[in-house]
Amino acid sequence: MTRLITSGFSHFILFIGILIMIVPVWMIFASSTHTGLTINTHGLQMFLGDSFYENYMRVLLYQGGFFKEITALKMFLNSFIMATGVAILSVITSLMAAYALVYYRTKYATLLFWIIFVTILVPLELRIFPTYSVMAELNLVNSYFGLIVPISASAIATLFFRQFYKTVPDELLESAKLDGANTWRFFVDFLVPLSKTMIVAMLIFMFVFGYNQYLWPLLVTSSEQYWTVVMGLKMMSGSIVHRFAFVMMSMVPPILIIIVLQKHFIKGVFQDK
Amino acid sequence: MKKVQFKSSYSQYLFLAPQLGILLIFLYWPIIQTFRDAFTMQDAFGFGTQFVWFDNFLFIFDDPAYWIAFKFTIIYSFVITLITASIGLLLAVQANNVMHGKSAYKTLLIWPYAIAPAVVGVMANYFFSERFGLLYHLFNNLWGFNWYESVFDSYIYLIIAGSWKQISANFIFFLAGLQAIQRSVIEASMIDCKNSVRRFWTITFPLLMPTTFFLIIINITYAFFDTFGIIDTTTIGAPSGETRTLVYKAYMDGFRGLDLGSAGAQSIMMMFIVLFITIFQFRYIEGRIHYN
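Protein chains in written order, with our numbering: chain A, 4 to 276; chain B, 224 to 515.
One should not assume that every hint holds.
Residues of chain B clear of chain A, computed beta-carbon distances all greater than 12 Å [unchecked claim]:
{"id": "1", "residue": "229"}
{"id": "2", "residue": "236"}
{"id": "3", "residue": "256"}
{"id": "4", "residue": "274"}
{"id": "5", "residue": "298"}
{"id": "6", "residue": "336"}
{"id": "7", "residue": "368"}
{"id": "8", "residue": "378"}
{"id": "9", "residue": "387"}
{"id": "10", "residue": "435"}
{"id": "11", "residue": "461"}
Here's a subset of chain A near chain B, in silico, CB distances under 10 Å, partners left out [as the list claims (entries may be wrong)]:
{"id": "12", "residue": "27"}
{"id": "13", "residue": "51"}
{"id": "14", "residue": "100"}
{"id": "15", "residue": "123"}
{"id": "16", "residue": "155"}
{"id": "17", "residue": "158"}
{"id": "18", "residue": "190"}
{"id": "19", "residue": "197"}
{"id": "20", "residue": "203"}
{"id": "21", "residue": "232"}
{"id": "22", "residue": "249"}
No more than 16 Å apart at the CA atoms, straight line, and that leaves these computed lysine to aspartate or glutamate pairs for EDC-like [claimed, not checked]:
{"id": "23", "chain 1": "B", "residue 1": "294", "chain 2": "B", "residue 2": "465"}
{"id": "24", "chain 1": "B", "residue 1": "225", "chain 2": "A", "residue 2": "53"}
{"id": "25", "chain 1": "B", "residue 1": "225", "chain 2": "A", "residue 2": "177"}
{"id": "26", "chain 1": "B", "residue 1": "230", "chain 2": "A", "residue 2": "72"}
{"id": "27", "chain 1": "A", "residue 1": "169", "chain 2": "A", "residue 2": "182"}
{"id": "28", "chain 1": "A", "residue 1": "180", "chain 2": "A", "residue 2": "192"}
{"id": "29", "chain 1": "B", "residue 1": "225", "chain 2": "A", "residue 2": "174"}
Simulated from the structure, these hints should not be mistaken for laboratory data. In this text, a Cβ means the ideal position worked out from N, Cα and C, and glycines have one as well.
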């Protein structure tokens, strides 16, 4: 009986927690399916209206920006390119760097370790103007390369891969060596397949990280052709319902990825077996 | 360290090269420039720069606006950490407690983690707008809430906007921490101590310490850096600069004011603060907690 009461209490608390998370997003969504007139006279809505198709289509195809050169559709494409680029570049470089740190014996090990990991303490926000001037000197402003690479300069995934490699039994390398595998073959044929869960988790993590960037795209893209969704929120004009619709669409990709790939993400980050 | 390893050879550097290359060009080079900016000043006509020792630092220490941003950053990170960790822990304990629906609860509470801070800010905007913001009007009826004019109210606004999505991250990590505690420990404690509240604070909570301290660092980092997008889409520092974090102020001084010397000095101060917190965490806290 007490068991039943305490578990009822737990469900109640969780229910309230979920309401706090869902209600605000739901209200913006419900409001995004109404007309601007309804919102202006009655405020945010709790129930769906019938302008869903009209509002969302207009937002996707409307030519926005100061020079009316970009549509939301193009911004989604840019965000997707940026997030995918960040995920792939940072995961591949981190996977390799962690391999060199764990599987090689060298007298510079400590130095290399510090050179790589002290960077975690200096997020992009702390070096944003100098990074911008470096990009300007290299002529990389207004390019996908310029959006992607500075965000990929992160050792967070390296830290995770290093922790993971350390849990891999020594026997794996011994037997691989007996089979005549060299360092490259061992990495590609043994270690990478074994790290699959961790790789997927880090890809998700870095994709969301790249997609959600706000300040860097704002600074590094003066041309509207390279605007991303998250920074575009501040730039897009239009009626209030169109802004609601844009906000709703902007959060769909990362949320979808987290929910669909939730198991892999949690498994990797917490190294559940 | 591994007992079996490859001998150091050029191939090791081939594996390191991509990441090291990116870090050197896009991280170390800018950091060096930050230091150069911080110790130099541009002359009035922008013709050249002059080495000025610590003038930029002395200037920011003399600037009341810097200390206002400093105060806000400390209060903001403290309150956000406290709120998100407590609510995250509360929800995680309940989710760990229920027999049915554990994974459904997990899914229903994990997704706000994925939303960009700037998007959260834009949403919060709608709930705190004077025109149709529900929370604005609710609080306004309660105590005359008006974040456009009251510093306290703008704090409330940013604390709610900043905490909302971060509860998710705290929930996930606490739940994982709870699930990592061995069943036998819990069962043994159930025999010794019948009171479930006392059992939580004397057995479970101490075992969660590593997770708690990890989350404190995560939350502080979030409040320092990630909240930029929230502030820039909500108060923009309203009423008059009281709700700017150090990072936000440094950006504004560098971008709007084109004062790279001051922005550089402020960045270096932030680096020291982050370094200080990290060392503090490793030296004084990590040593005193139990890992299971």
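Results of checking the hints against the structure:
1. Consistency note on residue 229 of chain B: stated as away from chain A, yet its beta-carbon is not over 12 Å from all of that chain's, at 5 Å minimum.
2. Under the 12 Å C-beta cut-off, the non-interface status given to residue 236 of chain B relative to chain A is violated; the minimum distance is some 8 Å.
3. Once the 12 Å rule is applied to beta carbons, residue 256 of chain B is inconsistent with being away from chain A; the minimum gap is 4 Å.
4. In this structure residue 274 of chain B is separated from chain A by more than 12 Å, as the shortest Cβ-Cβ distance comes to about 17 Å.
5. Remark: the non-interface label on residue 298 of chain B is consistent with the geometry, its nearest Cβ contact in chain A lying 19 Å away (cut-off 12 Å).
6. The claim that residue 336 of chain B is not at the interface with chain A is violated, since a C-beta of that chain comes within 12 Å of its own (minimum 6 Å).
7. Against the 12 Å criterion, residue 368 of chain B stays outside the reach of chain A, whose nearest CB is about 16 Å from its own CB.
8. Its beta-carbon lying about 20 Å from the closest one in chain A, residue 378 of chain B satisfies the requirement of being farther than 12 Å from that chain.
9. Look at residue 387 of chain B: its CB is around 8 Å from the nearest CB on chain A, not clear of 12 Å, so calling it non-interface is violated.
10. The beta carbon of residue 435 of chain B sits about 16 Å from the closest Cβ of chain A, which is more than 12 Å, so the claim that it is off the interface holds.
11. Distance to chain A confirms residue 461 of chain B as a non-interface residue, since its nearest Cβ pair spans about 16 Å, more than 12 Å.
12. With its C-beta approaching chain B no nearer than about 6 Å, residue 27 of chain A sits inside the 10 Å limit, and its interface hint holds.
13. Because the closest C-beta pair between residue 51 of chain A and chain B is about 17 Å apart, greater than 10 Å, the hint is violated.
14. Checking residue 100 of chain A against chain B by beta carbon gives a least distance of about 4 Å; that is within 10 Å, so the hint holds.
15. Given hint, residue 123 of chain A at the interface with chain B, holds; its Cβ is 9 Å from that chain's nearest Cβ, closer than 10 Å.
16. Checking residue 155 of chain A against chain B by beta carbon gives a least distance of about 6 Å; that is within 10 Å, so the hint holds.
17. Taking 10 Å as the C-beta cut-off, the interface hint given for residue 158 of chain A holds, the closest approach to chain B being about 7 Å.
18. Residue-level restraint check for residue 190 of chain A holds (minimum Cβ-Cβ distance to chain B is 8 Å; threshold 10 Å).
19. At a threshold of 10 Å, the smallest CB-CB gap from residue 197 of chain A to chain B is about 14 Å, leaving the interface hint violated.
20. Proximity of residue 203 of chain A to chain B is violated relative to the hint, the smallest CB-CB distance being about 15 Å (cut-off 10 Å).
21. Annotation: interface hint on residue 232 of chain A holds; nearest CB of chain B at approximately 9 Å, less than 10 Å.
22. With 10 Å as the threshold, the beta carbon of residue 249 of chain A comes within range of chain B, its nearest partner Cβ sitting at about 9 Å, so the hint holds.
23. The suggested pairing of residue 294 of chain B with residue 465 of chain B holds, with an alpha-carbon distance near 9 Å, which does not exceed 16 Å.
24. This hinted pair does not check out: residue 225 of chain B and residue 53 of chain A have alpha carbons roughly 63 Å apart, beyond 16 Å.
25. Of the pairs offered as hints, the one joining residue 225 of chain B and residue 177 of chain A holds, with about 11 Å between alpha carbons and a cut-off of 16 Å not exceeded.
26. As the CA atoms of residue 230 of chain B and residue 72 of chain A are separated by approximately 56 Å, the hinted pair breaks the 16 Å bound.
27. The straight-line distance between the Cα atoms of residue 169 of chain A and residue 182 of chain A is roughly 22 Å, outside the 16 Å bound, and the hint therefore fails.
28. Simply put, residue 180 of chain A and residue 192 of chain A have alpha-carbon atoms about 12 Å apart, close enough for the 16 Å limit, and the pair holds.
29. Among the hinted pairs, residue 225 of chain B with residue 174 of chain A is consistent with the structure: their alpha-carbon atoms are about 10 Å apart, no more than 16 Å.
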